[in-house]
Structure formats: C-alpha cells, structure tokens
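Chemist: Chains as they are written, first to last, in our numbering: chain F, 1 to 319; chain U, 320 to 650.
Hint data in this document are derived by calculation from the structure and do not stem from the laboratory.
Some hints could be false.
As the list claims (entries may be wrong) - Not the full set, but computed from the structure, chain F residues with beta-carbon under 7 Å of chain U: (1) Ser153; (2) Ser185; (3) Gln189; (4) Asn192; (5) Gln216; (6) Ala254; (7) Lys265; (8) Leu267; (9) Leu268; (10) Asp271.
Claimed, not checked - Cβ-to-Cβ under 7 Å is the rule here; a few derived chain U residues that face chain F: (11) Val511; (12) Gly542; (13) Glu586.
Said to hold, decoys possible - Heads up, simulated EDC-like pairs for lysine to aspartate or glutamate below, C-alpha to C-alpha not over 16 Å straight-line: (14) F:Lys37 with F:Asp199; (15) U:Lys593 with F:Glu195; (16) F:Lys106 with F:Glu143; (17) F:Lys269 with U:Glu519; (18) U:Lys594 with F:Glu195; (19) F:Lys257 with U:Glu519; (20) F:Lys261 with U:Asp549; (21) F:Lys261 with U:Glu519; (22) U:Lys631 with U:Asp327; (23) F:Lys269 with U:Glu464; (24) F:Lys169 with F:Asp199; (25) U:Lys393 with U:Glu352; (26) U:Lys351 with U:Glu322; (27) U:Lys578 with U:Glu645; (28) F:Lys5 with F:Asp75; (29) U:Lys590 with F:Glu241; (30) U:Lys631 with U:Glu645; (31) F:Lys237 with F:Asp220; (32) U:Lys449 with U:Glu439; (33) F:Lys257 with U:Asp566; (34) U:Lys525 with U:Asp549; (35) F:Lys238 with F:Asp308; (36) U:Lys629 with U:Glu645; (37) F:Lys237 with F:Asp308; (38) F:Lys265 with U:Glu519; (39) F:Lys37 with F:Glu3; (40) F:Lys269 with U:Glu467.
Just so it is clear, the structure is predicted and the values come from calculations on it, not from any experiment.
C-beta: ideal position from N, C-alpha, C; glycine also.
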Amino acid sequence: MLEIKNLSKEFQTQKSLFNSSNLTVKALQNVSFSIKKNQVVGLVGESGSGKSTLGKTIMKLLNPTTGNIIFNNIDITEYNNQQMKKIRKKLQMIFQDPFASLNPRKTIFDTLAEPLRVHSLIDKKNLNEYLIKIIQDVGLNNESLSRYPHEFSGGQRQRIGIARALIFKPQFIIADEPVSALDVSIQAQVLNLLEKIRDEYNLTMIFISHDLSVIQYFSDIVIVLYLGRVMEISTKKKLFEKPLHPYSKALLSAVPKVQSKNTNKILLKGDIPSPINPPSGCVFRTRCNYAIKQCSEITPLLKEVDGDRKVACIRDEIW
Amino acid sequence: MQETLKIDGLFTSFESDYGSTKVLEDISFSIKESEVLALVGESGSGKTVTSLSIMGLLPTNGKINQGSITLLSKKNRELNILKLSDAQFNQMRGNDVAMIFQEPMTCLNPTMTIGSQITEVILNHKKISKHNAYESMLELLKLVEIPEPELRAKEYPHQLSGGMRQRIMISIALACKPKLIIADEPTTALDVTIQAQLLELLKKLKDSVVNKTSILFITHNLGIVREIADRIIVMYAGTIVEEGLVDEVFKNPLHPYTKGLIQSLPEFNIKNNKKIQPIPGNIPSMDNLPTGCYFHPRCTFATDACKIKKPKLEKISHNRKTRCFEFSRLM
Numbered sequence: 001m002l003e004i005k006n007l008s009k010e011f012q013t014q015k016s017l018f019n020s021s022n023l024t025v026k027a028l029q030n031v032s033f034s035i036k037k038n039q040v041v042g043l044v045g046e047s048g049s050g051k052s053t054l055g056k057t058i059m060k061l062l063n064p065t066t067g068n069i070i071f072n073n074i075d076i077t078e079y080n081n082q083q084m085k086k087i088r089k090k091l092q093m094i095f096q097d098p099f100a101s102l103n104p105r106k107t108i109f110d111t112l113a114e115p116l117r118v119h120s121l122i123d124k125k126n127l128n129e130y131l132i133k134i135i136q137d138v139g140l141n142n143e144s145l146s147r148y149p150h151e152f153s154g155g156q157r158q159r160i161g162i163a164r165a166l167i168f169k170p171q172f173i174i175a176d177e178p179v180s181a182l183d184v185s186i187q188a189q190v191l192n193l194l195e196k197i198r199d200e201y202n203l204t205m206i207f208i209s210h211d212l213s214v215i216q217y218f219s220d221i222v223i224v225l226y227l228g229r230v231m232e233i234s235t236k237k238k239l240f241e242k243p244l245h246p247y248s249k250a251l252l253s254a255v256p257k258v259q260s261k262n263t264n265k266i267l268l269k270g271d272i273p274s275p276i277n278p279p280s281g282c283v284f285r286t287r288c289n290y291a292i293k294q295c296s297e298i299t300p301l302l303k304e305v306d307g308d309r310k311v312a313c314i315r316d317e318i319w
Numbered sequence: 320m321q322e323t324l325k326i327d328g329l330f331t332s333f334e335s336d337y338g339s340t341k342v343l344e345d346i347s348f349s350i351k352e353s354e355v356l357a358l359v360g361e362s363g364s365g366k367t368v369t370s371l372s373i374m375g376l377l378p379t380n381g382k383i384n385q386g387s388i389t390l391l392s393k394k395n396r397e398l399n400i401l402k403l404s405d406a407q408f409n410q411m412r413g414n415d416v417a418m419i420f421q422e423p424m425t426c427l428n429p430t431m432t433i434g435s436q437i438t439e440v441i442l443n444h445k446k447i448s449k450h451n452a453y454e455s456m457l458e459l460l461k462l463v464e465i466p467e468p469e470l471r472a473k474e475y476p477h478q479l480s481g482g483m484r485q486r487i488m489i490s491i492a493l494a495c496k497p498k499l500i501i502a503d504e505p506t507t508a509l510d511v512t513i514q515a516q517l518l519e520l521l522k523k524l525k526d527s528v529v530n531k532t533s534i535l536f537i538t539h540n541l542g543i544v545r546e547i548a549d550r551i552i553v554m555y556a557g558t559i560v561e562e563g564l565v566d567e568v569f570k571n572p573l574h575p576y577t578k579g580l581i582q583s584l585p586e587f588n589i590k591n592n593k594k595i596q597p598i599p600g601n602i603p604s605m606d607n608l609p610t611g612c613y614f615h616p617r618c619t620f621a622t623d624a625c626k627i628k629k630p631k632l633e634k635i636s637h638n639r640k641t642r643c644f645e646f647s648r649l650m
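If we strip away everything but chain U, and leave its shape as in the complex, we get:
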C-alpha cells in the first residue's frame, strides 16, 4: 500500500536567547493510505510539535534542523514539505493536509458566519462558482450531522456549543477531501457524551466519505486510541519509544514507559483490583535531559548500560518497534 506521509530522521529545535532546545529527536514514521495512526504521549513529549512540523506551522523560533517529510499529494506527486515555498504550502494546507485543533473557538473566525468560513475554504482550493460552493457547504454541514444546516450556516461561532464547533472544524477539514487529516486532541475539550458522539461521527465518516484519507490522531487518552486507531506511536521526551498495532501494544507493551502508562490508568487497576502503580518521578525538562536512555531515571528495568548509552528505535517484528535495551524482559 502507498504511504501518504513519510517522516525520516526529523530533528526540530526551538531557538531562544539562551540557546537552542531540542524538542524532536530522530522522529521517523510513515502513515499508509486510509490508516489511522495515533500519536500518544504526555505533555511536552513532542506530539504537537510533530504535527506542526508537518503543517509548516512551527512558531518563528522553531527550526527543523535535519530530516525529511514527504507527502503524497492528491495528484499522487511526492511533495518534499521542507522545500516548499510559502505559496506552495498554502496550496497544500487544507487541500492535501487538513488539521483539526483541540479548541475550535480559537480556530474559527469569530467575526465570520460558519457558512462563509466553510465556503471560503472551498473557493480557495476549488475552481467552482459561489453558488456551487454554497451548496457543497450545506452538504458538508449535513455530513457532520448539524441539524438545520441552512440556519446554522448564518450563525457565528459563539452561537454554537463546543461539540457543534468541533463538527464545523471537521467539516472544514473534510471540505477538500484531503489525503491526510491531522487531528490534534480533537475531543479533549469536550464532555464525554459529546466526545462519544464525535468519535462515532469520525468513525462513520472514515468508513464512508473519506475512506482513502489517512488520519494522524494526536491524543493523551489511551481509551480513544483503542477505539479509533489502527496503529500507535508512543512518544517520550521528543523521541519515539514504541510503535506497533494498537491491539498488540496494549496487550504486550514492549517499552517500560508504555507499560507504565497503561498501568497508571485507574481503569486498569479497577479491573485487576490492584492499587494504582504510578511511574515514579517527573517528566524531564527538554533543557535538561538525562544521559543515556531518557526514561532511565523513572524506569524499573534500567541497568547501568541504560544510564550511559542511548538506545535506538529497533525493529522487533514486522510492524513493531521499541527503543529499549531490555525489551525482552517485557515479553
């Protein structure tokens, strides 16, 4: 199967007056056509910076030092994202890659009606008449199950609820049927019952409307990963520590961090009637990373070698990778 996105050896850093801070280190992964890949990690692990690097939306002090990002465009051309001009980037964004953010209120324009914001995207990327754009906008609103689309199209973002706004964001992302949708914590700000509605909607759309589209789903909620993703990548301190199929990783995590994350979940401990087993210590600051394996100060499997040598992300089986010297002890 074709790879929609391929990231190879990506290093990103943030520059400041005090020097440069590494935020991503040797990130390599790919997403196949129509695959849902979950990117998981705690705050500061580099999930969002990865997505911003792909979208070319890094803040001005963000710098990609090394690596390549290749995207298969809708015309099946390989785009080297890091070499694109601003104009080419604008062509790509929204058309080939679309993004859904966590907080829809900050992403929607408060002074424009919902309808005109969606039509704007369509008119920007497609050569169609205003009337047809209006029609496809209504079509999109129906697709994301907004009741009374004609009325809602005339409303402003503040008149809608959080769940509705996120539906609007999804409809904007779908407007050009992109090759890749990056969803960065799209349901985190929502209540569980609304989150359930949205996840159901995303699954439905995935199976029908955009069945060729790949989704990069960024979240810290492992339950959502189970529900929506095919594959999972776990990040820690700007590196990938484990990669594999969701079912396999959850059944038998091969990195102590992944194992620790799963065991920290209250859900896991209720079922086994155990006391919660947290990962000791704190997430390290990116300015002051430990030597050797970044996880070793918090790891119960750590040996002396882990304190000195940095493990590589190693392939263990066909679609399984882990960055740990001691992974066989977890098998």
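The following block holds chain F by itself, in its conformation from the complex:
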C-alpha cells in the first residue's frame, strides 16, 4: 500500500547569526520499507532519530531531499500541494499535542466541518448527521460539537484529533505520538479507541512512539530508527522475543517494567550524537558495546535475516 524507497531528508541550517555558511542536518538517510494493507507499522526511536520527520515527509508536509514515496502504486514524491489535496483525503495524520493542532477560536463542529467544506463533499443537510456519527465513533457526545477546544481535557482533545483524521474515511493514518501527552489511565482509553477505529475503518497505520510498550501493544511490524537510519525492521513478535541489532537490544532492555525488576540492563555509553555531524560508518558505533574498527569504515546495509526481518549491523556473529 505504501512503499518508501531510499528516502532521505536534509535540513539546511545557518551555522550562527554571523556566519552565513550552511550546515546540513541529516534527519533521514536512506530509509526504505513498505507497508501492506491493514498493517500497523510502529516507528520507534529516541529524540532526533527522525521518527516525526519520516511521518511528515510521507504526508508531504516536508519535501524529501531524495528518494520516492509510493502510495497505492502512485509515486507522490513530486506531487505539488494541489495534487496532494486529493491524496490527503486518503492519507491523514494524528498529532501528539491535540491542543496545538485545534483552532481555539473554532467550535469542534467548525473544525470538523472545514475539510468537508474545502473539498465540498457534503451538503448542509447531511453535514450535521455525519459529524454526529464521527463524534460518537470516537466516544464523545453530540453536545461536544458546539463546544470549543479549551473546554475539553487532554484525552478528549485527542479524541477530537482522531475524529478530524477520520472525516474523509481515510485508508491510511499516520499517528505521531498520539498518546504520549496523556496520563496512563487516559492513554489506555485512547489506545483502545485507536484499535476500535482501526478495525471499523479498515485502516493501515504508521504508529510513531518513543514508548516501546505502546509500540509492542499496537503494531504488527516495528522499525527501529537511530539518527535517521533504520537499524532493524522486524515483526513485532520476533523483535520483542529476540532483538538482533545492538541498539534494539539496549533500547528494549532500558525500559523499566512493572512486572519484574529489570536486572540485566544493557547500558549505552554517552549521548545521542548530533545529526549535523553523525558518526562515519555505522551511526550507532559511538555508543555500541560491540563496535570494532570496521564499524567506522563501513556503513552497514539492511541485511535480510530469516525472511521477515532486516538488520543493519556488520557484526552478525554477536546477534
């Protein structure tokens, strides 16, 4: 359904106020993967790993530097805004902070009705009925439509964010940290809602999160990103049973768990390097416990391992 081929995204930034020479932030480098219909792909990584950039680039909210985005067998990489308008009906996004993405001066009714008006898809008579159905689908009552964003709690606002993404009955939703800003008990409600609408609306999804347990709960395929590169792509089951890439291993072991005390944590050295000047060779080598000399020379390619997983690491003996 969606295919990403060698996608890279670079940002230009000025060195300093007084120095006009440019620096290049390599936010994404050579990312390739594909998603089948009805799959949920989890994107996981720490800050600066390029998760959100990837989501926004697929939506074409950002233009890719190189590479191709193929949606429903159509290459949309070069599409302009006018052409994207059609695609975006099928391709929607849910953001992390629903307050920042809702217009505070508009009632929920107006916010939800606006895209329908822009695309002149529905006549006034049916509009009300349609919005009531959508708002009930996300578990809010009819009166919510006449209220303003500030009258809702964080969880309810996220439900509105989801309702807005559903307006066009899309085929594909990119959810960028949809539950990160919510309290645990509310997070569970929203996760359940996302699961429900995934089934009801027959959705294919990209689910971006830094929270591994949420990813584990929600996705079928997991992509582990680090400094803009894919470290490992795997089915959820295999990844959580036995992560292969040293970064996946460390990331999974770093999560504090309620059910058992985590005794053999793999601690990583140091901090995440800056994407302005990523390490040569394997970007993870500066923090990797298994790094050898060759890791600084060879940029590891994604290698296929037993059919449904790929790992970018040259040291297969330690997997």
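Keeping the supplied structure of chain F fixed, place chain U upon it in accordance with the hints.
Modeler: Frame of chain F, contents of chain U only:
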C-alpha cells in the same frame, strides 16, 4: 529506624479571586532514613504540590491550611518546616533537603558556568575556602560520571545535553549530602537509554555516597517505581489512596485506582495477551470533586455507600494502607 520526614494531616489550597481550591487533603506519611519512597499519581493528583509544600516553594497563592511537616535536620534536630523563617528556610534548602526537578534547563542559570553554580551551593552552606570548594565541585562532577570534569566545569548549561544537565542537577543536590532528596520526575524529559543511565547512577550513588539519605521520588511511571523505590504512595485527586511496599502493592493492589492504573499499562496486557482495560471516565477537576469517595464515578467496585461517605485511609497491615470501603473484594 528514625524518620527523616513526617507529614501529618496536611491540607493545602490555592486561593484565587473566585475562591479557594483544595489541592491536598489530609496528606500524612513519613520517610525513614535511607528509604526511597515513590509518590505516584496522574496529572493534578497533587504529587508536585506535596513536594513544593515540603520545600516551602508553593506559589504565592498557595496556602497550607492545616497540618505539620517535620524534618530531621542533619544535626538531628526536629525542624517544624511550617514555622521556619525565610532565612531558616534558605539554610535548610540545599543543606538538609535538596530537590531535583524535571527540566534541568529551567533550573540551571544559563549565564553561569556549571562549575560556578555547583561551587556556589557549596560555599553557601559550608565554611570552606574557594579552592577547596572548587576541588569538591570537581569531585562531585566525577561522582555523577561527567567525563572531563575540568573542561565541563567551564561550560554553560546550553552546551550540555539533557542527560548531562540532569547529572549536574544531581551533583548540586548531592553537594551538601542532604538528609532528604526530592526528585520530581527527574527522568521524564529524557530518552529511555539516557533514563536508564541516570537510574543506574542514582542507584549507585544511593548505595555508596549518600546511603543515609532518603529519597522522595515523584513519578507517573510505574516501571521506574519498581526499579528504584522501596515503598509507594498512590495519590488521586489530592488524597493518598494507597500506601505500601512496592512489591506488595504491585502484586496485589488494594485500591481500585491502583489496580486500574496497573491494568491500563500496555505492558501488563501484552504479557497476559488481553485487551487493554482502561479506567473509564476522566480525572475530576479539583474545583468540582465528586461527593463521597473521589474515585467512585470511575470505580467498578463502587457501592451506594461510596457515593455518600468519604472513606478514610485505613491501616490494613503493618505497612499497608488503603482508602477504600471495598478493599476486601480486591484481596
């Protein structure tokens, strides 16, 4: 064992033009020497207000209406915190009690080097020469595992990463080896791998350098509680709903809210291969609390009595308390 901190019947409220809003109601607990106590709850439950009440850092409209907070100072004197003058408070803060905040960037002075910020604390509380203060500052930086401490000491906060800045905050908190450290969501703003490093560091320091110090660890992350704390207090809508040893509470929660929290975790449901079971409803607003038990509108165990009568925090066993009429149904 001695109690480092004892809070008894604390009521705190925020005053505004529209009247007064209760934010803490009848908070009582104590922390023993060298114990790590976790204070857990969702946003608005009163975790942070509790810590600010202890530190005397409530905003100007915050008011403590009732109760007492007693701290055992380093000289083993009992300090009644609510009766301290500003000068005495300044003596206490940093020396007897230190605090680590969530966002180190807003707590560090952006115009001072790391080194001078740490030395400032040392010079303030200890009568030592500048040179010795510099030496102990370097010692502290080594303790929190900052590489090249001499170089880092000359840097400004913005030159450091989030994890490094939090290490600096920890070193400032440790500077006077306080009796009590309050850590308010110290790892929430950090990435998991950096969080793991910091938790490991805190545990190490706890076992070696400050083994007599008690830690009040405020967090919403139950996984971290499991990893670092001895005892746990669960808060809901400004009250304590459950208290006990971490292992016991997680194994058999005796308040429906605690049980609900644990069952809302994706982790819990993956292992048991169940659909996530959220707590229904929303966290109530503090201006508009339900009658009876504050949790009853969201509670699956609620009876008619819960709608009218307010349950008390009752002692169930030696170190276990719960605020629920129906707790025996959870046993």
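Chemist: Quick one, are Lys594 of chain U and Glu195 of chain F close enough, alpha carbons at most 16 Å?
Modeler: This hinted pair holds, its Cα atoms lying about 10 Å apart.
Chemist: Ala254 of chain F was flagged as interface toward chain U. Is the shortest Cβ-Cβ separation under 7 Å?
Modeler: Where the cut-off is 7 Å and the nearest Cβ of chain U is about 4 Å from Ala254 of chain F, the hint holds.
Chemist: With the threshold set at 16 Å, check whether the alpha-carbon distance from Lys269 of chain F to Glu519 of chain U stays at or below it.
Modeler: holds, 12 Å
Chemist: What's the verdict on Lys525 of chain U and Asp549 of chain U, does the C-alpha distance respect the 16 Å limit or exceed it?
Modeler: Roughly 12 Å between the alpha carbons, so the hint for Lys525 of chain U and Asp549 of chain U holds.
Chemist: Is the interface hint satisfied for Val511 of chain U? The criterion is a beta-carbon contact with chain F at less than 7 Å.
Modeler: Status holds, d = 4 Å.
Chemist: Could you grab the alpha-carbon distance between Lys257 of chain F and Asp566 of chain U and see if it respects the 16 Å cut-off?
Modeler: Distance ~12 Å between Lys257 of chain F and Asp566 of chain U Cα, so the pair holds.
Chemist: Mind checking the alpha carbons of Lys237 of chain F and Asp308 of chain F for me, to see if they're no more than 16 Å apart?
Modeler: Between Lys237 of chain F and Asp308 of chain F the Cα gap is close to 11 Å, so the pair holds against 16 Å.
Chemist: Within 16 Å, alpha carbon to alpha carbon, are Lys449 of chain U and Glu439 of chain U?
Modeler: Holds: Lys449 of chain U and Glu439 of chain U sit about 10 Å apart, inside 16 Å.
Chemist: CA of Lys631 of chain U to CA of Asp327 of chain U, is that 16 Å or under?
Modeler: holds, 14 Å
Chemist: Is the interface hint for Ser153 of chain F satisfied, with its Cβ closer than 7 Å to some Cβ of chain U?
Modeler: Constraint on Ser153 of chain F satisfied, holds at 5 Å.
Chemist: Next item in the hint list is Leu268 of chain F. Is there a CB on chain U closer than 7 Å to its CB?
Modeler: Result: holds, 5 Å to nearest chain U Cβ.
Chemist: Holds or violated: Lys37 of chain F with Asp199 of chain F, Cα cutoff 16 Å?
Modeler: With Cα atoms ~12 Å apart, Lys37 of chain F and Asp199 of chain F stay inside 16 Å; holds.
Hint violations for this structure: none, all hints satisfied.
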